[in-house]
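Undergrad: Now for the letters of each chain:
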Amino acid sequence: GAVVSQHPSRVICKSGTSVKIECRSLDFQATTMFWYRQFPKQSLMLMATSNEGSKATYEQGVEKDKFLINHASLTLSTLTVTSAHPEDSSFYICSAQGQNNYGYTFGSGTRLTVV
Amino acid sequence: DAKTTQPPSMDCAEGRAANLPCNHSTISGNEYVYWYRQIHSQGPQYIIHGLKNNETNEMASLIITEDRKSSTLILPHATLRDTAVYYCIVSARAGANNLFFGTGTRLTVIP
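If you read the protein sequences in the order shown, they are chains X and R. Read left to right, the first sequence gives residues 2 to 116 (our numbering). Read left to right, the second sequence gives residues 598 to 708 (our numbering).
Please keep in mind that the hints were generated in silico from the structure rather than gathered at the bench. Take these hints with a grain of salt, some might be off.
Stated by the list, open to error - Listed below are the simulated DSSO-like cross-link pairs for lysine-lysine, each with C-alpha atoms no more than 30 Å apart in a straight line:
(1) X/LYS67 to X/LYS42
(2) X/LYS42 to R/LYS600
(3) R/LYS600 to X/LYS65
(4) X/LYS65 to X/LYS15
(5) X/LYS67 to X/LYS56
(6) R/LYS666 to X/LYS56
(7) R/LYS666 to X/LYS42
(8) X/LYS67 to X/LYS21
(9) X/LYS15 to X/LYS56
Unchecked claim - Which residues of chain R face chain X? A few of them, derived with a C-beta cut under 7 Å, are:
(10) ALA610
(11) GLN639
(12) GLY640
(13) ASN695
(14) THR700
What the hints assert, rightly or not - Per the computed footprint, the stretches of chain X lying under chain R, defined by three or more beta-carbons under 8 Å from a beta-carbon of chain R, are:
(15) 44-51
(16) 79-89
From the three backbone atoms N, C-alpha and C, an ideal C-beta is built for every residue, glycine too.
Bound-form chain X, shown alone (with noise of 0.2 Å):
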């Protein structure tokens, strides 16, 4: 079946840094890739749309300048959240189109903390 590889799964960083977190489609191509974003005993919440070879597109209220989203490769799309503040800490999901054409695969999540 469809395997999104994410990693990593945790993360601190310190204030002010940039944090990388990738995610892999392991068996099949994802022309398009999601990135969510969760908080404690919240729901998903969809950040942006990663779209293979041209810009993401985010949704109302995400700073696109301060979540980069780079989807480079058919199998690869990668969200740098930059300058990070503790405001930022959160659990990040990724997730992709299966092969089946109806279900989506997500990954396992990053928890990031920034102290």
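Position chain R against the provided structure of chain X, taking the given hints into account.
TA: Here is chain R on its own, set in the frame of chain X:
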């Protein structure tokens, strides 16, 4: 995307069937009903989806009413590992739209 309404929480005894309801009264004709679940601190896991007909797979059954305004996810024999937040989502064909998650139902399976 059509909005869904789910009860915030439910309990189920281990070994019993868990029936999770979802209302989607504004669903469009081309929108599917998807169910995902999220176990604590993990990414969501696909369970099942359907358009009009009832569906069954190795994980669960999905019952969709004839008017498509509501559906029920059935876990036939709940285990402790089924404790999770279950999300009901309606969306058009995958790949054409994103998935927007509501608040879901927190299912607790009790020993």
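Undergrad: Against this structure, judge whether each hint is valid.
TA: These are the hints, each one checked on the structure:
1. X/LYS67 to X/LYS42: holds (24 Å)
2. X/LYS42 to R/LYS600: holds (20 Å)
3. R/LYS600 to X/LYS65: Within the cut-off at roughly 27 Å; holds.
4. X/LYS65 to X/LYS15: The hint holds at about 21 Å.
5. X/LYS67 to X/LYS56: The hint holds at about 14 Å.
6. R/LYS666 to X/LYS56: violated (36 Å)
7. R/LYS666 to X/LYS42: holds (27 Å)
8. X/LYS67 to X/LYS21: Measuring from Cα to Cα gives roughly 12 Å; hence the hint holds.
9. X/LYS15 to X/LYS56: holds (28 Å)
10. ALA610: violated (25 Å)
11. GLN639: Interface hint status for R/GLN639: holds (6 Å vs cutoff 7 Å).
12. GLY640: holds (4 Å)
13. ASN695: Hint holds; R/ASN695 Cβ to chain X Cβ min 5 Å, cut 7 Å.
14. THR700: holds (5 Å)
15. 44-51: holds (count 5)
16. 79-89: violated (count 0)
Of the hints listed earlier, those the structure fails to meet are numbers 6, 10, 16, in rising order.
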